[in-house]
Each structure stands twice: as C-alpha cells, then as structure tokens.
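Chemist: Full structure from sequences and hints, please.
So the sequences go chain by chain: U and W. For the first sequence, this note's numbering assigns the number 1 to the initial residue and increments by one for each residue that follows. For the second sequence, this note's numbering assigns the number 101 to the initial residue and increments by one for each residue that follows.
Any given hint might turn out to be false.
Said to hold, decoys possible - Stretch by stretch, here's where chain W covers chain U in the computed footprint (C-beta under 8 Å, at least three residues):
id : region
1  : 32-42
2  : 49-55
3  : 61-72
What the hints assert, rightly or not - Away from chain W, derived, C-beta distances all over 12 Å, residues of chain U:
id : residue
4  : Met1
5  : Pro4
6  : Ala8
7  : Arg10
8  : Ala11
9  : Gly16
10 : Glu19
11 : Ala25
12 : Asp27
13 : Met45
14 : Ala77
15 : Arg83
16 : Asp92
17 : Ala93
18 : Ile94
19 : Asp96
Keep in mind that the hints were calculated from the coordinates and are not lab data. From the three backbone atoms N, C-alpha and C, an ideal C-beta is built for every residue, glycine too.
There are 2 protein chains.
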Amino acid sequence: MIEPLSEAERADALDGLPEWDYDEARDAITRSLVFADFVEAFGFMTQVALMAEKANHHPEWRNVYNRVEILLTTHDAGGLSGRDVEMAEAIDAIVDE
Amino acid sequence: MIEPLSEAERADALDGLPEWDYDEARDAITRSLVFADFVEAFGFMTQVALMAEKANHHPEWRNVYNRVEILLTTHDAGGLSGRDVEMAEAIDAIVDE
Numbered sequence: 001m002i003e004p005l006s007e008a009e010r011a012d013a014l015d016g017l018p019e020w021d022y023d024e025a026r027d028a029i030t031r032s033l034v035f036a037d038f039v040e041a042f043g044f045m046t047q048v049a050l051m052a053e054k055a056n057h058h059p060e061w062r063n064v065y066n067r068v069e070i071l072l073t074t075h076d077a078g079g080l081s082g083r084d085v086e087m088a089e090a091i092d093a094i095v096d097e
Numbered sequence: 101m102i103e104p105l106s107e108a109e110r111a112d113a114l115d116g117l118p119e120w121d122y123d124e125a126r127d128a129i130t131r132s133l134v135f136a137d138f139v140e141a142f143g144f145m146t147q148v149a150l151m152a153e154k155a156n157h158h159p160e161w162r163n164v165y166n167r168v169e170i171l172l173t174t175h176d177a178g179g180l181s182g183r184d185v186e187m188a189e190a191i192d193a194i195v196d197e
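Modeler: Written as structure tokens, this is what we have:
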C-alpha cells in the first residue's frame with residue numbers, strides 16, 4: 001500500500017513543480033505540453049513510456065498532434081503520492097533535455 | 101481542401117468498420133482498445149504513430165495503462181472524411197496482427 005501525500009506534503013511538492021497544476025477532483029497533478037509537431041510530441045511520449053515502464057508507474061495521457069496532456073495520480077494510494085512527484089520531476093527532466 | 105463524407109458515404113463506411121462507433125457531436129469515429137498491459141498498449145500506439153506520420157493524418161488518443169481510446173476526424177474537412185476511414189482500416193489491421 002502506498003500512502004497518499006498529506007496536504008502539507010502536497011503543498012511542498014507543488015511548490016517544487018511550477019509547471020504542474022493540481023486537479024482537486026482527481027487528487028492528481030496535470031501538465032500540458034506543446035511541441036513543434038507530432039514527431040516531437042510522440043518522441044517525448046516514447047521517452048516517458050520507457051521511464052514509466054521501468055518505474056512501474058504509468059501516466060494517464062492524451063495526445064492530439066503536437067499537444068500532450070498528462071495526469072499523474074496513484075490508484076493504489078487513492079490519490080497523489082510521492083511516486084507522482086518523482087514521475088513529474090522525471091518528466092520535467094525529459095522536457096528540459 | 102478535403103471533402104467530408106456525405107451521410108450515405110458515412111453509413112457505408114461505418115458498415116465496414118464494426119469495431120468503431122460514430123461520435124455525432126464531433127463528426128468522428130472512435131474505438132476503445134484493451135491490451136494485456138502498458139507495454140502492449142504503447143507498442144500498439146507506436147505502430148499507429150509511425151503509420152499516422154507517414155499518412156500525415158494523426159489520431160486524437162488517450163492512454164491509461166492498458167487502455168487506448170482513439171478518435172478520428174479530419175480537421176481540414178470539418179468532420180469525418182475518407183482519410184479517417186482509411187486510418188481506421190489501417191488501425192484495425194494493426195490490432196488484428
């Protein structure tokens with residue numbers, strides 16, 4: 001069982017993730033990205049997919065051409081957990097490459 | 101400019117695509133797929149992505165772990181066109197492999 005973040009932990013985590021928004025209804029964090037084109041967008045998704053599979057923690061995501069919308073939450077925790085924060089940081093690192 | 105399908109053409113096309121549903125609000129077709137796991141789902145998405153880029157026609161899609169939801173419509177046509185029907189057939193062929 002994975003513990004969800006407390007409110008204080010969540011506030012701390014969000015302070016460190018300025019590109020991410022908090023989705024209260026889902027107890028999740030979201031980030032929207034726009035790339036130059038589909039190849040760039042799907043290339044990014046492929047990097048995230050390999051990282052996610054290795055971490056055994058998978059995003060909910062949507063792609064339309066050059067746009068990718070990502071939502072992270074932890075089903076086993078019933079909400080946002082430290083695993084989502086780690087994944088958000090890893091996604092940010094891929095974006096910033 | 102790409103022409104959207106007429107009602108009769110659309111009815112014909114949907115007859116040939118039993119796995120796809122018509123989304124009237126979007127003038128689009130949709131298909132939901134469930135795979136064994138994330139690797140299978142993202143592997144499928146990668147095959148579709150390469151085909152879509154080659155065809156220069158891209159799906160709207162959403163993935164959550166082993167599930168993939170696809171929506172096809174043609175923005176340049178303002179609705180469903182023959183390009184979507186061709187892509188749906190190509191996606192069905194990938195699924196049936």
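Chemist: Hint by hint, which ones does the structure fall short of?
Modeler: 13
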